[in-house]
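Visitor: Sequence:
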Amino acid sequence: MYNNSASPFAGLTPVVKNLIIINVICFLGTMIFDQANRLFGVYYLDSPFFKIWQIITYMFMHGGFSHIFFNMFALFMFGPVLEQVLGSKRFLNYYLITGLGALALQFGVQALEVYQITGTVSASQWLRFDMFQGLVYSNHPALTQEGFNKLVSVYNTPMVGASGAIYGLLIAFGYLFPNTPLMLIFLPVPIKAKYFIPVMILIELVLGMSRTGTSVAHFAHIGGALFGFLLIKLWGVRRPGYW
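Here the sequence shown is numbered in the numbering used here, starting from 2 and rising by one per residue.
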């Protein structure tokens, strides 16, 4: 359990602490090297900008201060108790696998978008790329402007952030500690985890289906939660006796 040290970081478990440190270092790196997110964020598999290391590194990159702040705040709040329940090794595996699961669902949604436009999940032959500038041009006379804009969004926009893994932590916390009251900044009353977290996931699903906020990978959040739930069930993790 947590010790009673006055330091707010005293209760941080080893993996959570190191994940926060790595994320902060990577974020500081993006402030120095402005192309870091293009190099370490993850692109659609068919994009010429995709590199194999991006499937891991994208989880440690963030698009702005608020992005990393809320992700790391959630990791700080929910990570330590989950690491205590799962153990450090399994917790790290859980975090990484849910991040990969988030990416898998995002890739699936992107492939569907490309297929709806071109009739195939690979549209590279429809596009011309400027590898140096990171720009995409139409290379097909039949491609509409709307279709081209959607393909540019898929092929030329890297996904960054730990949000998929964070949603994996949220679903695990909600499942293992369903009656824990959570206080929200914008609501004056506590809400039990078993109500709050499903609502959060439902909101992500609605936003993803409506394509609201296209810069946010809503389906990646859902993928993280889905893979997180499957892992908890597959591993047979039980609620602690005191909950």
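Calculated from the structure, these hints are not laboratory results.
Virtual Cβ for every residue (Gly too), placed ideally from N, Cα, C.
Take these hints with a grain of salt, some might be off.
[Stated by the list, open to error] Derived pair list, reagent style DSS-like, types lysine-lysine, alpha-carbon separation capped at 25 Å: (1) 193 x 90; (2) 52 x 151; (3) 234 x 195.
[As the list claims (entries may be wrong)] Label-pair distances were calculated between CB atoms; the ranges are: (4) 196 x 140: 21 to 27 Å; (5) 195 x 120: 30 to 36 Å; (6) 196 x 234: 17 to 23 Å; (7) 123 x 190: 28 to 34 Å; (8) 147 x 182: 45 to 51 Å.
Visitor: Confirm or reject each hint.
Guide: Verification of the hints:
1. 193 x 90: 28 Å, violated
2. 52 x 151: Status holds; Cα separation ~21 Å.
3. 234 x 195: Judged against 25 Å, a Cα distance of about 16 Å means the pair holds.
4. 196 x 140: 21 to 27 Å: Hint violated: Cβ distance 50 Å, outside 21 to 27 Å.
5. 195 x 120: 30 to 36 Å: Roughly 43 Å apart at Cβ, these two residues miss the hinted range, so it is violated.
6. 196 x 234: 17 to 23 Å: 20 Å Cβ-Cβ, so the 17 to 23 Å window holds.
7. 123 x 190: 28 to 34 Å: 50 Å, violated
8. 147 x 182: 45 to 51 Å: Taking Cβ atoms as reference, residue 147 and residue 182 lie about 46 Å apart, which means the hint holds.
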